[in-house]
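Colleague: Chain residues, written in single-letter form:
Protein chains: 2
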Amino acid sequence: MNDRLDNFHKYLTQKAGVKEEDYNAFLPYFSVKNYQKGDIILSKGSICNHIFFVEKGLLRLFSIDQNGTEHIIQFAPENWLLSERESLYFGTPSDFHIDVLEESIVVMLMQDFIPKASSISPEFRNHNEFILQNHIRQLQQRVNLLISASAEARYLHFIKMYPDLTLRIPQWMIASYLGITPESLSRVRKGLAEKNFK
Amino acid sequence: MNDRLDNFHKYLTQKAGVKEEDYNAFLPYFSVKNYQKGDIILSKGSICNHIFFVEKGLLRLFSIDQNGTEHIIQFAPENWLLSERESLYFGTPSDFHIDVLEESIVVMLMQDFIPKASSISPEFRNHNEFILQNHIRQLQQRVNLLISASAEARYLHFIKMYPDLTLRIPQWMIASYLGITPESLSRVRKGLAEKNFK
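Protein chains in written order, with the working numbering: chain A, 1 to 198; chain B, 1 to 198.
Take the hints with a grain of salt, since some may be wrong.
Any copy, or any two copies together, can satisfy a pair, since identical chains are not distinguished.
In silico DSSO-like cross-links for lysine-lysine, where the CA-CA straight-line distance does not exceed 30 Å [what the hints assert, rightly or not]:
# : residue 1 : residue 2
1 : Lys116    : Lys15
2 : Lys116    : Lys19
3 : Lys19     : Lys190
4 : Lys19     : Lys44
FYI, nobody ran anything at the bench for these hints, they're computed from the structure.
Excised from the complex, chain A in its bound form (with noise of 0.2 Å):
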């Protein structure tokens, strides 16, 4: 089965450095599952028990407001990681809900599965800080750009991060993320039009 898994096999031996042995070392600490587009991996109020790695699809992390409307924290195409880490570190019950906006191939990291591959390997010691310093970046250069920036630079920003998605997900998925209307989404995405940018 997991000879399938050609990402997250290059995912650790290429980027993360891990040993061919190593890895198979790491096998009984995951597993795989398909999901078909609506499933839902996590709900609100549930604790989140793995990591996962997108082998093939993609996923989304959201919060749904008292009005019931989706907020949407991080997507994950191939090769991402995605957790509700709060939940999975601190065993509290989880504030967001997981799920698959495409079919979706998924590699389930047990949630020994870190300190046991660290134990095994120290390239994957390793490459973990550099997850969790990476995840660190990422959200404090979000935060910045929530109370700093405009919205086309905000946009602009959501295009270099996830290059391929304006074309695999609704607009109004997009303004979600980048926490404005899809009127002003819009507005922004005329904007560029017009200077020429797509």
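Please arrange chain B on chain A, whose structure you already have, making use of the hints.
Modeller: Just chain B now, kept in the frame of chain A:
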């Protein structure tokens, strides 16, 4: 000089669980500085080489946009850690500034403090992972508040997070942190006062 460091000592031995003898082994990896109100600890474009622990006083991490407006990413009163982690970890020039809002005593943790302290003390190693996970938790909650919550909900969260800061900093700084105008903050405070909320 280090006998002044009650807060830092308590933080490490009580909160992080570091053993007394291990604390002594940490001494070569930090120093202490006094700062005056208005001092600049880190400027945009510089490399951040330290993590700052606030023994006494108040620091602030902020960006300045192209119009010269300041946007506050984080406050750090007593017992908080502050750094520009992107610059510290990735070695990139900082996008942010750090300055001093009140006369402060700051413990300057050198860049190799974390790896050295982690190799000396397993308790510290665990605590450092907690710090990173907690930072992700706080930033993710902040992103969610910024894209989903009312100005009132954001202000209430701010008070909970920084209970004594409302008396120590000017209103415009709170508004800047919340990503709202000072006028909006006045309306929120007035609304809360009418509900008998201080």
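Colleague: Now tell me if each hint is right for this structure.
Modeller: Verification of the hints:
no. : hint           : result
1   : Lys116 / Lys15 : both (19 Å within a copy, 26 Å between copies)
2   : Lys116 / Lys19 : both (15 Å within a copy, 26 Å between copies)
3   : Lys19 / Lys190 : neither (48 Å within a copy, 61 Å between copies)
4   : Lys19 / Lys44  : neither (37 Å within a copy, 39 Å between copies)
Figure legend: structure checked against the earlier numbered hints; hints not met, in rising order: 3, 4.
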